[in-house]
Every structure is written in C-alpha cells, then in structure tokens.
Amino acid sequence: MSASRPGGTLEIRLAQLLRIGTYGAVILVGLGTALMVINGRSPLDVAPPLDPSRLVSDVLGGRPAGFIWLGVLLALATPTARVIAALRAFIRAGEREMTIVAGSILIVIALGVVAGTAGG
Amino acid sequence: MEIALLLIVGGVVVGTFGSLLGLGGGVLLVPLLTLGFNLPLREAVGVSLVCVIVTSGASASVFLDRGVANLRLGMALELFTAIGALLGGTIAFLLDERLVAGLFALVLIYAATTMLRLKPAASEDVATPTGEGPTGAPAPAGRLMAGLSGPNYRVRAPIAGATGGVFAGTLSAILGIGGGLVMVPLMHIAMGVPLRIATATSNLMIGVTASASAIVYLLRGGIDPYAAAPSAVGVFVGAAVGSRLAHRVDVRVLRVLFAGVLAWTAFLMLRRAAGLG
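If you read the sequences in order, they're chains D and H.
Take the first sequence: its position 15, counting from 1, is numbered 94 in our numbering, and each next residue is one higher.
Take the second sequence: its position 232, counting from 1, is numbered 1479 in our numbering, and each next residue is one higher.
It is worth saying that the hints were derived from the structure and are not from the lab.
Keep in mind that the hints are not guaranteed to be accurate.
[As the list claims (entries may be wrong)] If the Cβ cut is set under 7 Å, some of the chain D residues that face chain H in the computed set are:
no., residue
1, Ala94
2, Leu97
3, Ala144
4, Val187
Note that the structure is a prediction, hence the values are computed from the model and not measured.
Even for Gly, the Cβ is constructed at its ideal location relative to N, Cα and C.
All chains, full assembly: derive it from the sequences and hints.
See the structure below:
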C-alpha cells in the first residue's frame, strides 16, 4: 500500500495546504503593506524586530508590522506543515522509506531553529 | 508609496520569470534589492528567502494539482537541500558582504552559461526509456529509487542528487536563491528527470529549502519585514502568472533572454564585489 501517486489525493491535499498557507500569508503581508503605505512608512524605513509577545496587540491595533510578521511566520511555517502532512500520509500508508525521509527533514528544520536561537 | 509600488512591480517580474524557469526568483530579486534599492546584501538575502518561499508555495500548489511535480523525489532531495540550507544559514552571517556579492556574480555567470548550454533536444519532455545512464552504468534498483521514478522515466544518479542537493541548499542560504538553479539542471541532466517535471519538482522543493535557512535568518534578525512585504506580494502575483503560463511558453526562447539578463546582473554584482558599485 502506498500514499497516492502524482496527481492523486495526497498531492491534491498538499496542494490545498500550500495554497491556504501561501494565500493566507500573502493576504496578511498585503494588508501590512497597505497599512504601511497608509501610515506613510517606506519599505526602506527601519522596521521593528519580531516580538512574538506583541504580535496580537499589533494586529488588533492595526499596526503594519504585526500583519507583516504574522504573514512572514505563516509563509515560513507552510512548507513545514506540508512535510508534516506528507509524513502522516506516509505513516498511514506504511511507506517506511518516505516516512524516514519526511521525519529527517523535520529534524533538520528543528536543528535550524536551534542554530538560529543559539546565534541570535 | 512609490518605493512600495516599485518593489511590488519588481516582485511581479522576478516572480514570473522564477516560476517559468524553476529558479524561485531570488536570483534576480537579490540584485534588484541591493543594486536598485540599496538594501544591504544580507537583508536582501533574508527578504529574498521569504519571497522564494511564497513563490514556491504558489507555483508548487498548481504543479502538485496537475500531477507534474514528483512529490517523493522532491522530498528525498529536499532532505539534502535542507541540510545544506542549515549549513549555509549558519555560515552566511560569518561571511563578508563583498565576498557574498562575488559569489553571487559567479552563480549568475554559471546560471547564464547553463541556460545557453542546454541543448534543445535535452530540453524536451522526453522520458528516459531505460534504467541505464549515459555511461551504461546499471540503474539503481532499490525500492526507494523505484518509488522516486515517474511513470515514463526512471531516476538515476542518487549520490549526485544528494551531493548536489547539499550544495544547492548551502548556496540558497548564503545567496537567498531557491536552489532551482542547481537542482533543475541536476535533476534533468544527471538524474534523467524530464525538464518540465524537474522544474515543477524544484519549485516544490524550494519552499522547504528556503524555510530551513529563513528560520535561521529570522531568529538572528536577518529579515526586514517592511522590505519583505511589498516584494512578497509582487513575487506571489508573478509566480501565479508564471505557473499558468508555463505550459504555453517556449522555455527555450525564455532561457536565451534570461541568460542575457543574468550576464548583465553578474557584471553589476562583480562591480559591487570590487567595491565599485
């Protein structure tokens, strides 16, 4: 038994996931861009750094950085979500080799978080 | 207002080309941001990584829907591109910006040369009919390799794919490019994957490759949200246009045009590396 092949249900589900994540990220970033222009900010201005504790208040307060950071985070998380969804499908289908591949990709991404945090 | 608009328009152009050629757009976006908008190179790379993730997401969803992208091959290779991206993301912050500009120029020259050297016959979506490579070496026969192959072609040279993947991922992280620049010719020429499938699969892989290094950039303060936002919107629109045009456009003509743009950009980046630009 294997997860679906090219053009099959797994591919279509992953395509939907990518579409939702990407469209969601672009909508948030687009709103942030519009707010940036409305507030008279230039893309070349110094931007506030990412502060997760301020994200919700920035979004509720209509501040561009909140929308943009949320969109950037969603964009960065979407490929990882695609790998997780594929991993689940491979486990269910008993595809041992592809399960190992997908699991290993997630480990590498997790190591990236460690590397970024350690050097930040 | 004008700068935001210019960034959006620039993003549309590089997104369209990136999607059509499987390059992710970063190869043009980084020079655009550094040479056109005077962004520091490392910031431009961080912005570009966000944009190539968006490009990949938009076009890969279309390619997956159509069954053109090879999901299993893409995931097997992106394990290695992600390893390279992790390495590259870590060392990128140690490199001098002029060195990175010089490296970027070399990659642009390589890209322009590759575009011109691809023979028309090799550019067709012709399946590799047997499991033998051009040297007559026996085909890999493992279950994984069989699972990575498509209905009309057989994937070969897995070690070249893995090694090239690490290299592509490292370059992607240091230069903010998607890695398709290396992976598309590698998959097509060395691994026997038809060009259209290699391009679609590369688009799929770019998301994970770029996000592995973008996470490092994000956590080290290397992503400028104000510059990233209009660029990402433009690239998204361009990628959507490009993926819908891909099956209607003669890619051979595009490659020649694109090679000229790359060569000119390489010249400008070399000037910057030499401290003249």
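Mind checking the CB of D/Leu97 against every CB in chain H and telling me if the closest is under 7 Å? OK, holds: D/Leu97 within 7 Å of chain H, min 4 Å.
Verify the interface restraint on D/Ala94: the C-beta must sit less than 7 Å from at least one C-beta of chain H. Since chain H brings a Cβ to about 4 Å from D/Ala94, closer than 7 Å, the hint holds.
Using the nearest Cβ pair, does D/Ala144 come within less than 7 Å of chain H? holds, 6 Å
Can you verify the interface hint for D/Val187: is its Cβ closer than 7 Å to any Cβ in chain H? holds, 4 Å
Checked against the numbered hints above, the structure breaks none of them.
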